[in-house]
Every structure is written in structure tokens, then in C-alpha cells.
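J.: One-letter residues, chain by chain:
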Amino acid sequence: MSGRDAPAVSALLLRGVVKRFGSLTAVDGLDLEVPQGVVLGLLGPNGAGKSTTMRMLTAQSLADGGQIRVLGHEIPAESKWARARMGVVPQHDNLDEELTVEQNLLMFTYLYRVPRRRRAEAVARAMRLAQLDGRGGARVDSLSGGMRRRLLIVRALLHRPELVLMDEPTVGLDPQVRQDLWSLISALRDEGVTVLMSTHYIEEAERLSDEVALMARGRIVERGSPTDLVAKYAGAPWRSTCPARRAWAGSNASSTSRGSPPAAPERPCPCCAPRSCRTRCAGSSANPCAGRATWRTCSSP
Amino acid sequence: MTLEQTREDARPEAHARPGRFEMDAVLGVVAREWILYRESWRSTTFAAVVEPTLYLLAFGFGMGALVGTLAGYSYIDFLGTGIVAVSIMFQSMMPAVINTFIKRRFQHTYEGILAAPVDVREVVTGEALWLALRSAAYGCVPLLVAVGFGLRPGPWVVFVPVISFVVGFAFSLFGIWISAVIRSVRSMDYVFSGLFTPLFLMAGTFFPLTELPGWVQAGAMANPLYHAVELIRGAVFGGLEARAVLGHVAVVLVFIVVIWFLAVRQMRRRVVS
Numbered sequence: 000m001s002g003r004d005a006p007a008v009s010a011l012l013l014r015g016v017v018k019r020f021g022s023l024t025a026v027d028g029l030d031l032e033v034p035q036g037v038v039l040g041l042l043g044p045n046g047a048g049k050s051t052t053m054r055m056l057t058a059q060s061l062a063d064g065g066q067i068r069v070l071g072h073e074i075p076a077e078s079k080w081a082r083a084r085m086g087v088v089p090q091h092d093n094l095d096e097e098l099t100v101e102q103n104l105l106m107f108t109y110l111y112r113v114p115r116r117r118r119a120e121a122v123a124r125a126m127r128l129a130q131l132d133g134r135g136g137a138r139v140d141s142l143s144g145g146m147r148r149r150l151l152i153v154r155a156l157l158h159r160p161e162l163v164l165m166d167e168p169t170v171g172l173d174p175q176v177r178q179d180l181w182s183l184i185s186a187l188r189d190e191g192v193t194v195l196m197s198t199h200y201i202e203e204a205e206r207l208s209d210e211v212a213l214m215a216r217g218r219i220v221e222r223g224s225p226t227d228l229v230a231k232y233a234g235a236p237w238r239s240t241c242p243a244r245r246a247w248a249g250s251n252a253s254s255t256s257r258g259s260p261p262a263a264p265e266r267p268c269p270c271c272a273p274r275s276c277r278t279r280c281a282g283s284s285a286n287p288c289a290g291r292a293t294w295r296t297c298s299s300p
Numbered sequence: 000m001t002l003e004q005t006r007e008d009a010r011p012e013a014h015a016r017p018g019r020f021e022m023d024a025v026l027g028v029v030a031r032e033w034i035l036y037r038e039s040w041r042s043t044t045f046a047a048v049v050e051p052t053l054y055l056l057a058f059g060f061g062m063g064a065l066v067g068t069l070a071g072y073s074y075i076d077f078l079g080t081g082i083v084a085v086s087i088m089f090q091s092m093m094p095a096v097i098n099t100f101i102k103r104r105f106q107h108t109y110e111g112i113l114a115a116p117v118d119v120r121e122v123v124t125g126e127a128l129w130l131a132l133r134s135a136a137y138g139c140v141p142l143l144v145a146v147g148f149g150l151r152p153g154p155w156v157v158f159v160p161v162i163s164f165v166v167g168f169a170f171s172l173f174g175i176w177i178s179a180v181i182r183s184v185r186s187m188d189y190v191f192s193g194l195f196t197p198l199f200l201m202a203g204t205f206f207p208l209t210e211l212p213g214w215v216q217a218g219a220m221a222n223p224l225y226h227a228v229e230l231i232r233g234a235v236f237g238g239l240e241a242r243a244v245l246g247h248v249a250v251v252l253v254f255i256v257v258i259w260f261l262a263v264r265q266m267r268r269r270v271v272s
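Protein sequence lines, in the order shown, are assigned to chains C and U. For the first sequence, numbering that gives the first Met the number 0 assigns the number 0 to the initial residue and increments by one for each residue that follows. For the second sequence, numbering that gives the first Met the number 0 assigns the number 0 to the initial residue and increments by one for each residue that follows.
Read the hints as simulated data drawn from the structure, not as lab findings. Bear in mind that the values here come from a model prediction, so they are computed numbers and not experimental data. You may find that some hints are simply not true.
From the structure, some residues in chain C lie toward chain U, with a derived Cβ separation under 7 Å [claimed, not checked]:
| id | residue |
| --- | --- |
| 1 | 59 |
| 2 | 60 |
| 3 | 87 |
| 4 | 90 |
| 5 | 91 |
| 6 | 102 |
| 7 | 106 |
| 8 | 109 |
| 9 | 112 |
If you want the ones that stay clear, here's a sample from chain U, every Cβ over 12 Å from chain C, calculated [said to hold, decoys possible]:
| id | residue |
| --- | --- |
| 10 | 54 |
| 11 | 106 |
| 12 | 119 |
| 13 | 151 |
| 14 | 198 |
Quick list of the computed label-pair ranges, beta carbon to beta carbon [to be verified]:
| id | chain 1 | residue 1 | chain 2 | residue 2 | range |
| --- | --- | --- | --- | --- | --- |
| 15 | U | 66 | C | 119 | 43 to 49 Å |
| 16 | U | 41 | C | 119 | 37 to 43 Å |
| 17 | C | 118 | U | 149 | 46 to 52 Å |
| 18 | U | 66 | C | 118 | 52 to 58 Å |
| 19 | C | 170 | U | 148 | 54 to 60 Å |
| 20 | U | 45 | C | 206 | 27 to 33 Å |
| 21 | U | 197 | C | 136 | 19 to 25 Å |
| 22 | C | 123 | U | 45 | 30 to 36 Å |
Built from N, CA and C at the ideal position, the CB exists for glycine as well.
If we strip away everything but chain U, and leave its shape as in the complex, we get (with noise of 0.2 Å):
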């Protein structure tokens, strides 16, 4: 190999300028996480099945049988909806504060990845795409299993996977930006304890809002998911106006922006001294 052939081979021409944020860049951190997911989809996968299912069977058979319609929905209809987007946060959030960590601290596999033309906008947002079209995958799941269960959904039901990708988006960055917050592993039982489970449980995902105090409920439209249940309830069985519609996407977008930017931010701390 001659040095014309080495500098022909690297082609800094066929790049963006410096810079700016090329989407080859992204794709490449993607097309990374996919060679790794493909010697790992068995166990995913049945953590993505698995765990939605006996959700819907404890929760279905056993409150299902006590309860009979919540918000003027059948439980299995209510529940299995929630479960959709309680899911997709399982999904992208957890991977994304765990895998990040553990990427960045112990296997040092951004120094990896930074040391190829690739900057750190570039791997959150990859890491994130990724997530979010995992979870837009597995977010399907539950809703499958809920029609086993009894779940009859509306023609919307087709736009599920693409609210489980923005949502999942939406908290693959929120991960993300909690990986980079945290300082050890310890740090993330309060993540877990103090953070995921009020998300998810004041969502509106095992039962209406309407029942809690009204600061609960305020407090609940600044959560993500909440916007995400609705959303996916509407889509599933229809009657969501289209101004609630704009509204829900609109929070979840807003949330996208913002968290995109501080877990760029934080992310850059950590990974460039």
C-alpha cells in the first residue's frame, strides 16, 4: 500500500466540515449498537415480552376482576394502554442510563468512539436513536399481548410505533443525561427508586390521575409519560381531539429539545477533560 493510496482511502473531502453535525456519524454509532443487539436480541427481547405480559396478567386478571371500568374504560383496555408507554420508558430509559454508564466508565468505549471522526452531539443522538427505534419495536409488544387479553383497537393504533419512537427518544436523552450526571453506580438506586417509579406511577398508567391530589396532577403534566399514555390511548382507541393531540406532542417535543441539550452538555463534561 502506498501513502497516495492511505490518503485516498481516508477522503477527509467526503466529510461534512468540522463541525457539523453529519448524520453518517450517527448512523455509525447505530450500525454499532445494531451489530451488538444482534448478539443480544434473545435476552431483549424476552425482557421486552416477558415482563409487559405478566404486568397485564397480575394486574388484568387480578384488578381486572375487581375493577370494572376506569375513566370509562375496561381495565384490560385501560391498563394494557398504560402498559404500552410504561414499556417504551423501560425500554429506552433504563439501557440508556445503565449501558451509558457503564460504556463510559468501565469499558471506555467513547474514548473509542471519540477517537474516530465522530463528535459527542453525535453519539447521544445515536445512542438515542437507537433506543427509540428499539422501543418503537418493543413498545408494539404489550399492545399484542393486550389484544390476546381482549383489547380491541381503532384504525389510529397504527401511529403506536411512531409515538413509541419520539417517546422513546424522548427518554433514551433522559437517560442519557442522567448517566452523565451520575458519578457511580450507587447513585443509581436513587434513579430508580426516586425518579422512575413516580414517573411511572403518575402517569396514568394503572389509573386515572382524576383520583390523586390536585398537585399530583400538576405536577404529572410536566411528565412525559403522561403525555405519552394519552397519546397512545388515543391513538389506540380514538376520541382524542386534535388540540390534545398537538398539545401532548408538543410537551414531548419541547422535553426532546431540552434534554437533547443537557445531555449533550453533561456528556461533553465527562468525556472531553
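Excised from the complex, chain C in its bound form (with noise of 0.2 Å):
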């Protein structure tokens, strides 16, 4: 069954997807659904297995239970299939550094199967969209970081995918690079692609998304509309008191000072439980969270 068959059909469908490293269960229970033009914020920290489900969607990682269905393609019986209708932005670089911009976007032409007659156009509106026209003869070894990003981004938009699954894409990259690499990703929503993107970063996730998904300890703890999550958890007082909540809400603290501390005063913490809160919040002289692991008490100054 193809997408276009089932027009209403959601873009991503996740139920009860489990995945183990050994002993370590790094997706538990995974509930998500996508609709078709969304663009989704993955918002979690470190080990909350954003990237283990990215690649369970590519078949990459195969699922321990649970369903997953992308575009209406079951994963990983129809991945291919799937594949052949998304992009994917990876987290690591791995961009051939000898070769040309052009060269290594001609290659992925060939591997996305686009026709030989549309290769060229492809190649140059993809350049286009990064910003990196006249600099399709460029090696890649001579391109910035913000370039080298757009290129790989870029690079899983060669064939027009219907969703497009991006890994952190703007880890590690300074404040102005990161805008321009958003600028980039708006215009993908505004062509209305659906987007899964992760991120470690709030004001990412709140400037792009249609809507964000908390995740954690392999799970889906919130989701909602970016301003109402950022209204609801990224308050000030609890963002400079609890390191746990610092991880969650990104290293740019400045878009996080808006909105209004947490109003709900009993609900559980849900990047980090309550014994990991109180875990990684020790280090802290303050120790906010000692003995106790409510959003009030870890938000109290």
C-alpha cells in the first residue's frame, strides 16, 4: 500500500515499540503518531532514545516489539519501500570529504534512484537550497561546518521525500549557523514535507515544530504544542537550579526565560525520575531535588 492510496494515512505510526541493547531497554514502549505535513520536535537528552528510534524508522535497528509503520509501509518488512519515500539527515557526517559538492550529491541521485533526466536538475536545486550554488566543483574537506550541514541535509532532499527524518541536525554547530540551517528546515515545512526531528534544543524545537514530543528513558512523557510545553516546563527558576532540567531544556538558556514556571505542582519529572533526578541533581550545592522528586520541588530555587 502506498501513501498516495491512503491519502490520511499518518506519516509515522508507532505502537508499543520496544527496543533492548542487552540489558539496557533504550525505546520502552514507544507510542507515537505523525500526521502527514507535521513537522515533529523529538526533544529529549541523552540516552532518552531519539536516536535509536530514528534508526528503527530507516530499519537500521529492529524493533524488539511493537509496531512501526512509516508512510503506510510496515517497517522493517516494507522499509525499503518506506526508504524510497523519506530522506534522512544523519548524525554523523558522512559526506565523502575528497569528493565535490556536486559529486557527492550526483552519487545519492543514483542511490534514491532519481531518472537520469532529472539528475541535473536535482543536483543544482539542491545546491540552491543550501546556499552552496557556485560551489558545486568545492571539495567537501573545504567547506565549513554550517555548509558541510546543509549539504547533508540537502542531500536527503534530492528525490522530494514525503517525510524527511532529521538526527539532531544542528548539534554542535555556533548560534548563526544553527539560523541559517533553520531557515532551511522551515522552507521544508512550508512545502508541507513532514518532518521528525530530534534535538537537544528547546528554542529548536519551539521555532520549528508544529508540535514537540518529550522524550524519555525510551518513552513519550509529553506532547503538545511547543509554546504550551515551553510555557509549562521551561521555566526560569527550575532551568537554573536543576541540572537534570538544564540537559532537557538545551545549552541556549536565552530563548527559555519566557513563559511561566511550572504550574502543576505534583506531576512527576518527565526527563528524569525521580531517583535520576535526584541522581543528577547531587552534584548541585543547592541540591534542590534531595529526598524529593515532584516538577515543585525540582524547580524550587
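Got two chains here, separate frames each, mind docking them using the hints?
T.: Set out below in C-alpha cells:
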């Protein structure tokens, strides 16, 4: 079945997905549905299971349990079909450094089976999108970090996918370069492409996403509009006192200063379990979480 | 661009049914290697030409002056054809071990390829196919050099590129399997010293196997390079019976089938968690 036959089908559907690595459960009964045309930010700290989830969507990691459907295709059985209709921006830069910008893109037109007559056009369009016009002949190892990341993103768009997975697309980049990449991702949203983007940065999720899902310990613990979630969880006092929350909120604190402090006093901390919250906060001199594990105690100065 | 155009261009229906082995995907991997090769052909060709030439010079002039004939051949004829087979092995198995390992472990190349509509079977086959094509071309180089040294081939020599391709495919798969088995760069020392050297020494390349102990001769029957050497000598000088040809071809083909399954299975273990 293809997405074209059933336009109402969800771009992504995960039900009770479990992934274990030995004794570690990386993804623990994950339920997630992403309608077509939506940009969903998957937000969470390291080890939350974001990258494992991304890898399962391309069948590079196989789930131990649950059901995954991508653009209506069962994963992993029909993964190849799904991959023909989606683009993936990996966390690792795997561009061929000795080749030029144009050659890197051209290689993937073959892998994505872009018809011969459209290859040149697809490469030119990608370079335009990445603002690399006129740099087609430049070797990748001569590009700046931001240019490389833009190239990595547009490489995933050569076949004009319906769905794009981005695994921390701006991690490690300076704020100006991130702003440039945000424009590129915004352009995708404007075109109606479904995007699942994992990120550490709450301001990135807020700026680019229609919806944000908070992931912790292998499951979605909260989902909603970026504004609501920021208002709910990204209050300044909590951020300033709890290291666990700082990890969740991202490294750039400037954009998280707005919004009200957490209103619900007795909610379990979504980004860290009571035990891990205590553990993570134990290093703080104030030790605000000691012995208590609620939003209120966690967020109290 | 509209979503409708997006869907039109993605054209999932243009692809084979999920799970089926697609030559388009294999050719996509080959095309990728071709683009990379266009940037590196000088150094690759240099190695492919200089190495067998040096072997022929050293052994041909050095040993050739001491050895008159071997197994009914002049030494340059015996050596020239042996070096064709060694060259095929080096041109296919070495890059299969080293490059495949680097792409998998350090460059994350396969993560990128497997995010496209390509599966592990197609990646392995495409990589091996490309190296086999390269071997078919470079396998002829030492033969041309040997002709310069006085080797006079018969009409069946036209089959040498075909033999080079098939043998190159076999050794490429072998190399890919090894690259997926080893866990670190250091392990390659074991492979090169413990596997490569015995393989090309115990194949009738530089001297006939008849002088070796019986158990070594028996072991050589399982060495695909020995069968490659026999096929190449048979093609260059003629005189190989049809039954013998079929026997050698059968061994190489069985080896290809077995090693393809092993390479795909091992590579899948490495790239799919």
C-alpha cells in the first residue's frame, strides 16, 4: 500500500515499540503518531532513545517488539519502499570529503533512483536550497561546518521525499549557523513535507515544530504545541537550579526564559525519573531535588 | 514545489516490491564507486601497473635466469600468468577488506546508503561488483607487461578479462566478509599475514604445487586462487581439458555462492543493530 492510495494515513505510526540492547531498554513501549505535513520535534536528553527511534524508522535498528509503520509501510518488512519516499539526515557527517559538493549529491541521485533526465536538475536544486550555488566544484573538506551540514540536509531531499527524518541536525553548530539551517528546515515545512526532528535544543523545537514530543527513558512523556510545553516546563527558576532540567532545556538558555514557571506542583519530572533526578541533582551545591521528586521540588530555587 | 509534485518524484511504485533484490540499487552502489574512482584512478592505476611490473622484473630476470622451465612452461610464461591471478586477488580482496572496513567503521558511509532504498544484500553485491569490474580491467595489465617480457598468448586469452571478473567478484566478497568479521584495524595484520600470504603462495603462482607436500596440495584444492591460476594459464596457453575447466569454474562459483551468503549475513550483523 502506498501513501498515495491512502492520503489520510499517518506519516509515522509507532505502537508499543520496544528496543533493548542487552540489559538496557533504549526504547520502552514507545507510542507515537505523526500526521502528514506536520513537523514534530522530538526533544530529550542524551540516552532518551531519540537516535534509536530514528534508526528503527529506517530499519537500521530492528525493534524487539511493537509495530512501526512509515508512510503506511510496515517496518522492517517494507522498509525499502518507505525509504524511497523519505529522506534521512544522519547525526554523523558521512559526506565523502575527497569529492566535490556536486559529486556528493550526484552519488545519492543514483541511490535514490532519481531518473537520469532529472539528476542534474535535482543536484542544482539541492545546491540552491543549501545556498551552495557556485560551489558545486568545491571539495567537501574545504567547506565550513555549516555548509557541510546544509549539504547533508539537502542530500536527503534530492528525491523530494514526503517525510524527512533529522537526527539532531544542528548539534555542535554555532548559533548563526543554526539560524541558517532553521531557515532551510522552515522551507521544508512550508512545502508540506512531514519532518521528524530530534533535538536537544528547546528553542529549535519551539521555532521549527508544529508539535513537540518530550522523550525520556525510551518513551514519550509529554506532547503538545511548543508554546504550551515551553510555558509549562521551561520556567527560569527550574532551569537555573536543576542540572537535569538544564540538560533537557538545552544549552542555549536565552530563548527559554519566557513562559511561566511550572504550574502543576505534583507532576513527576518528565525528563528524569524521581531517582535519576535525585542522582543528577546531587552534584549541585543547593541539591534542590534531594529526597523529593516532583516538579515543584525540582523547580524550587 | 507542491506536495503532489513531491509524491510524483518519489515514485514508490517505480521500485520493486519490498524485500526484493533490485539491480537498480546494486547499480546505484556501483555508480557511487565509479564517481569515487574518477577522483582516485591515477593512484589506483599506478599501483595496478607498477606492482606486477616489479614482480615480473624481479622474478622474471632474477629467477628466470636460474630457472629454465617450470611444469612445461618457460619461467616468464609461468610467472606472468601466476601474477595475473595474484594481481586480481590484490585488486579485489585488499580494497574489499580495507575500504569496506573504513566505510563501515569510520566514515559511516553505509549508514547513508542504507537510509536510501538500498539493503545490505545490494550494498554487498554492489561493492563486490565494482571491485570485480576493476579487477577485470587491471587483471589484464600484468598480462600485457608479460607480453612485453616475451610471453606469447594463444587465442583463448580473450577470456582472461571474464575470468578476472568472476575471480575478482569471489575475492571481493571474501574481503567484504573478512572486513565484517574483524573488529579493529589491528586485526588486519592477522588477515594479511595469516591469510593473504598463504593464499597466494599456495596457488601455483610462483612455483608448481607438485613440489609441495601432499597436505599442502590437498589444501590448495580449496583455494580459489589455485583454480583461478589454472583457468588463466589454460586461457592464455590453451591445453586445458573441458572437464578441468568445468571443475575449476564450479569450485569458483560454489565459493561465490557460499561467501556471498556469509558476507551478507555478517555485514547485516554489523550495520543493523
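J.: Taking the hints in turn, state whether each one holds.
T.: For each hint, the structure was consulted:
no., hint, in the structure
1, 59, "6 Å, holds"
2, 60, "5 Å, holds"
3, 87, "4 Å, holds"
4, 90, "9 Å, violated"
5, 91, "4 Å, holds"
6, 102, "5 Å, holds"
7, 106, "4 Å, holds"
8, 109, "4 Å, holds"
9, 112, "6 Å, holds"
10, 54, "29 Å, holds"
11, 106, "6 Å, violated"
12, 119, "10 Å, violated"
13, 151, "42 Å, holds"
14, 198, "30 Å, holds"
15, U/66 <-> C/119: 43 to 49 Å, "58 Å, violated"
16, U/41 <-> C/119: 37 to 43 Å, "26 Å, violated"
17, C/118 <-> U/149: 46 to 52 Å, "48 Å, holds"
18, U/66 <-> C/118: 52 to 58 Å, "55 Å, holds"
19, C/170 <-> U/148: 54 to 60 Å, "58 Å, holds"
20, U/45 <-> C/206: 27 to 33 Å, "52 Å, violated"
21, U/197 <-> C/136: 19 to 25 Å, "46 Å, violated"
22, C/123 <-> U/45: 30 to 36 Å, "35 Å, holds"
Against the hints set out earlier in the document, violations occur for numbers 4, 11, 12, 15, 16, 20, 21.
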